[in-house]
Amino acid sequence: MWLYALRRILYAVPIALGVSIICFGLVFLAPGDPLGSLLPPDASQADIEYLRGVYGFDRPLPVQYFDWLMRVASGDLGNSIQSGRPVLTEISHALMNTVMVSFGAVAIAFSIAFVLGTIAAYHLGTWVDRTVTGLSIAGVSVPNYWFGVVLVIVFAVEFNLLPAMGMGSGGSDNFSIFEWEQLKYAILPITTMSLVPLGVIMRNTRSAVADVLSQDFVQALRAKGLGEWAVARHTIRNALPQVLAVMGLQFGYLVGGSILVETIFNWPGTGFLLGKAILTRDVPVVQGVVLVLAICFVITNLCVDLIQTAVDPRIKRG
Amino acid sequence: MTDATFDTSSRSAAPRVRSYWQSVGHRLSYDHVTLLFAGIILLVVLSAVFAPWLTSIDPNKPQMIARLKPIGTAGRWLGTDELGRDMLARLLYGGRVSLAMGLVPVALATLIGGFLGVVAGYAGGFVNTAIMRVMDVFYAFPSVLLAVAVSGMMGGGMLNGLLALTLVFIPPLCRISETATAQVRSLDFVEAARASGAGMGSVIVHHILGNVLGPVFIYASSLISVSVLLAAGLSFLGLGVEPPTPDWGLMLSALRQAIYIDPMLCALPGVAIFITSLSFNMVSDGLRQAMDVRQ
Numbered sequence: 001m002w003l004y005a006l007r008r009i010l011y012a013v014p015i016a017l018g019v020s021i022i023c024f025g026l027v028f029l030a031p032g033d034p035l036g037s038l039l040p041p042d043a044s045q046a047d048i049e050y051l052r053g054v055y056g057f058d059r060p061l062p063v064q065y066f067d068w069l070m071r072v073a074s075g076d077l078g079n080s081i082q083s084g085r086p087v088l089t090e091i092s093h094a095l096m097n098t099v100m101v102s103f104g105a106v107a108i109a110f111s112i113a114f115v116l117g118t119i120a121a122y123h124l125g126t127w128v129d130r131t132v133t134g135l136s137i138a139g140v141s142v143p144n145y146w147f148g149v150v151l152v153i154v155f156a157v158e159f160n161l162l163p164a165m166g167m168g169s170g171g172s173d174n175f176s177i178f179e180w181e182q183l184k185y186a187i188l189p190i191t192t193m194s195l196v197p198l199g200v201i202m203r204n205t206r207s208a209v210a211d212v213l214s215q216d217f218v219q220a221l222r223a224k225g226l227g228e229w230a231v232a233r234h235t236i237r238n239a240l241p242q243v244l245a246v247m248g249l250q251f252g253y254l255v256g257g258s259i260l261v262e263t264i265f266n267w268p269g270t271g272f273l274l275g276k277a278i279l280t281r282d283v284p285v286v287q288g289v290v291l292v293l294a295i296c297f298v299i300t301n302l303c304v305d306l307i308q309t310a311v312d313p314r315i316k317r318g
Numbered sequence: 001m002t003d004a005t006f007d008t009s010s011r012s013a014a015p016r017v018r019s020y021w022q023s024v025g026h027r028l029s030y031d032h033v034t035l036l037f038a039g040i041i042l043l044v045v046l047s048a049v050f051a052p053w054l055t056s057i058d059p060n061k062p063q064m065i066a067r068l069k070p071i072g073t074a075g076r077w078l079g080t081d082e083l084g085r086d087m088l089a090r091l092l093y094g095g096r097v098s099l100a101m102g103l104v105p106v107a108l109a110t111l112i113g114g115f116l117g118v119v120a121g122y123a124g125g126f127v128n129t130a131i132m133r134v135m136d137v138f139y140a141f142p143s144v145l146l147a148v149a150v151s152g153m154m155g156g157g158m159l160n161g162l163l164a165l166t167l168v169f170i171p172p173l174c175r176i177s178e179t180a181t182a183q184v185r186s187l188d189f190v191e192a193a194r195a196s197g198a199g200m201g202s203v204i205v206h207h208i209l210g211n212v213l214g215p216v217f218i219y220a221s222s223l224i225s226v227s228v229l230l231a232a233g234l235s236f237l238g239l240g241v242e243p244p245t246p247d248w249g250l251m252l253s254a255l256r257q258a259i260y261i262d263p264m265l266c267a268l269p270g271v272a273i274f275i276t277s278l279s280f281n282m283v284s285d286g287l288r289q290a291m292d293v294r295q
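Quick note, the sequences are listed as chains Y and H, same order.
All residue numbers in the first sequence are consecutive under the numbering used here, ending with 318.
All residue numbers in the second sequence are consecutive under the numbering used here, ending with 295.
If we strip away everything but chain Y, and leave its shape as in the complex, we get:
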């Protein structure tokens, strides 16, 4: 186990380096001179020369990359062209907001999906099972940016129950989920985000529980005279690690892919920041957000793997 953990962590290092190369390379995807994307169209020649020196665009690529990597490793992601503030400061505020709604969404999705998926597995092939399977496919087929708009139509426009967008007067610094006045701003984003994980977790729970139920030991437990609830306890214990792993991955996807939902609700998270930065061609922020989100995703995957190996003794990796 420890050997596996060590190897798994060491394996994440080259991946992280690869991720950094891609983030570094993003600048060169922009059409024209990489400096062109950093500068406003009316920049003077002196500004151009100054920035060329700062970014070192006149030096060979590997040197540029190494310099950039060294700066990133020391926590310096540069300054935002739009706001002038350090990119890292902007991202850390936004990341908290995104993690908060993503966590809420996955938690809600898991609690509903696990129950429904288990019920479906107990009724394989019946209309209950077909309904749950249909729901889970519908969940992953709904464009969530549209679902968000529909929620706004219903709850904000028609019934005026919940705010349509934003984060309330408190802003992200003193946001508290325990106060209704602030919590109500998070409800629609969380609901919208929970749709895809709901479908995915439901489907995985169904197949995991059905798998366990078809195993011999369940038959043995029943033959021994255990009640259905006691059998269910054993079944769930066996199916849970796999479902939790799926849930962890879904959390990673939500944090990384929050741009659409956050754009609809103007929720000040990393996705919203990224969307704004792309439209204003704020390259340091784009680079920084993509890098931080991808590294978060790598770390989430790593944690899911390690926790699953630790929790489930049947998985022997070496």
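What the hints contain is simulated information worked out from the structure, not anything from laboratory work.
Note that CB positions come from ideal geometry on N, CA and C, so glycine has one too.
Just to be clear, a hint being listed does not mean it is correct.
As the list claims (entries may be wrong) - Here chain H is said to cover these stretches of chain Y; the calculated rule only asks that three of the stretch's residues, wherever they fall, bring their Cβ under 8 Å from a Cβ of chain H: (1) 19 to 28; (2) 85 to 92; (3) 274 to 285; (4) 289 to 298.
As the list claims (entries may be wrong) - If you want a taste of the chain Y side facing chain H, the calculated C-beta under 8 Å gives, among others: (5) Ile-15; (6) Pro-31; (7) Pro-60; (8) Ile-137; (9) Ala-138; (10) Val-140; (11) Ser-141; (12) Val-152; (13) Val-157; (14) Asn-160; (15) Tyr-253; (16) Gly-257; (17) Ile-259; (18) Leu-260.
To be verified - Now the in silico label distances, taken between C-beta atoms and shown as ranges: (19) Y:Ala-46 - H:Leu-54: 51 to 61 Å; (20) H:Tyr-260 - Y:Asp-211: 45 to 55 Å; (21) H:Val-205 - Y:Arg-71: 44 to 54 Å; (22) Y:Asp-211 - H:Ser-56: 52 to 62 Å; (23) Y:Ala-46 - H:Pro-243: 33 to 43 Å; (24) H:Val-49 - Y:Asp-67: 44 to 54 Å; (25) Y:Arg-71 - H:Ile-112: 28 to 38 Å; (26) H:Ser-196 - Y:Arg-71: 53 to 63 Å.
Assemble the complex: chain Y is given as a structure, and chain H must be docked to it using the hints.
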């Protein structure tokens, strides 16, 4: 007729041996749900292809005095958008762009990813490590993030969106075909083909591909729905198709401003995206069961 005559009718009733594809077709013919959704896909495709025959209205012709007409207006059965353009015409023509954005990246990625995967799986060793480790790096990005970052940095537009989506789908398809190839490669019949002097190209074409295409095809079909959703999402963010081209994602984002005036109207393009993506998902699911591919 005498008793001695051999009764041929009972003989023909003996189970016929079906080929693989015949049995897949047979199973599908009993799967009414999959057939229903396949029919919907066919309708969506046909209505997009034959859009000019289905409506005589120009989807890009604005009409300032007829803006945001509600659903059911005479002559404008699905209403008009924020510039007074006919919604039905825009939805029909929009299907062309949205379907293309769903299908083309998956097709390209299947070709490129499938090729890389077969090469990696067949060659093994250093080639395998080199290809698969690069794919691992792309795996480290959630798909939405990679698509947005790449198309955003390239400056948006339909072509850049297509390229970004293709890039997103190459790694998973490469991984699937690598796994399938590696599994088949060490089997006896491949060994036998090689021992009898077949070259690498001929082994791959005649013995490997037949076993790899099934899983790759099924996986690719499940990506179409993702691609439709992502492509419309890119347009929604302003990174895909550019106005005034009709596209479902773009229509959704433009109509969002009219949400307080006519909520039903804004929901329409989303319904089109939802039905298309749901149908592709259902058909892919049905195909997976009929072809009995486990993933």
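Consistency of the hints with the structure:
1. For the region 19 to 28 of chain Y, the assignment as covered by chain H holds, since 5 residues bring a beta-carbon within under 8 Å of that chain's beta-carbons and 3 suffice.
2. Interface restraint, the region 85 to 92 of chain Y with chain H: violated (0 residues with C-beta to C-beta distance below 8 Å; minimum three).
3. Three residues within the 8 Å Cβ limit are the bar, and the region 274 to 285 of chain Y against chain H gives 5, so the coverage statement holds.
4. With 5 residues carrying a beta carbon less than 8 Å from a beta carbon of chain H, the region 289 to 298 of chain Y meets the three-residue requirement, and the given coverage holds.
5. Among the interface hints, the one on Ile-15 (chain Y) holds; its C-beta lies about 5 Å from the nearest C-beta in chain H, closer than the 8 Å criterion.
6. Annotation: interface hint on Pro-31 (chain Y) holds; nearest CB of chain H at approximately 5 Å, less than 8 Å.
7. For the restraint placing Pro-60 (chain Y) at the interface with chain H, the shortest Cβ-Cβ distance is roughly 22 Å, beyond the 8 Å limit, so the hint is violated.
8. Satisfaction of the interface hint for Ile-137 (chain Y) is found here, the shortest Cβ-Cβ separation to chain H being roughly 5 Å, below the 8 Å cut-off.
9. Below 8 Å, beta-carbon pairs count as interface contacts, and Ala-138 (chain Y) has one with chain H at about 6 Å; its hint therefore holds.
10. The beta carbon of Val-140 (chain Y) comes within 7 Å of a beta carbon in chain H, closer than 8 Å, and the hint placing it at the interface holds.
11. With 8 Å as the threshold, the beta carbon of Ser-141 (chain Y) comes within range of chain H, its nearest partner Cβ sitting at about 4 Å, so the hint holds.
12. Against a cut-off of 8 Å between C-beta atoms, the interface hint on Val-152 (chain Y) holds, since the closest Cβ of chain H lies about 7 Å away.
13. Satisfaction of the interface hint for Val-157 (chain Y) is found here, the shortest Cβ-Cβ separation to chain H being roughly 6 Å, below the 8 Å cut-off.
14. At its closest, the beta carbon of Asn-160 (chain Y) sits 11 Å from a beta carbon of chain H; the interface hint therefore is violated under the 8 Å criterion.
15. A least Cβ separation of about 5 Å between Tyr-253 (chain Y) and chain H falls short of the 8 Å threshold, and the interface hint therefore holds.
16. With 8 Å as the threshold, the beta carbon of Gly-257 (chain Y) comes within range of chain H, its nearest partner Cβ sitting at about 3 Å, so the hint holds.
17. With a cut of 8 Å, the hint placing Ile-259 (chain Y) at the interface with chain H holds, because the nearest CB-to-CB distance is about 6 Å.
18. Restraint check, Leu-260 (chain Y) versus chain H: the minimum CB separation of about 5 Å is within 8 Å; hint holds.
19. For Ala-46 (chain Y) and Leu-54 (chain H), the Cβ-Cβ distance of about 59 Å falls inside the hinted range of 51 to 61 Å, so the restraint holds.
20. Taking the beta carbon of each, Tyr-260 (chain H) and Asp-211 (chain Y) are about 49 Å apart, inside 45 to 55 Å as hinted.
21. For the pair Val-205 (chain H) and Arg-71 (chain Y), the beta carbons lie near 50 Å from each other, so the given range of 44 to 54 Å is met.
22. Look at Asp-211 (chain Y) against Ser-56 (chain H): about 56 Å separates their beta carbons, and that is inside 52 to 62 Å.
23. Checked against the hint of 33 to 43 Å, the pair Ala-46 (chain Y) and Pro-243 (chain H) passes, with Cβ atoms roughly 37 Å apart.
24. For Val-49 (chain H) and Asp-67 (chain Y), the Cβ-Cβ distance of about 53 Å falls inside the hinted range of 44 to 54 Å, so the restraint holds.
25. For the pair Arg-71 (chain Y) and Ile-112 (chain H), the supplied restraint of 28 to 38 Å holds, since their beta-carbon distance comes to about 34 Å.
26. The hinted window of 53 to 63 Å between Ser-196 (chain H) and Arg-71 (chain Y) holds, with their beta carbons roughly 59 Å apart.
Hints 2, 7, 14 from the earlier list are contradicted by this structure; the remaining hints agree with it.
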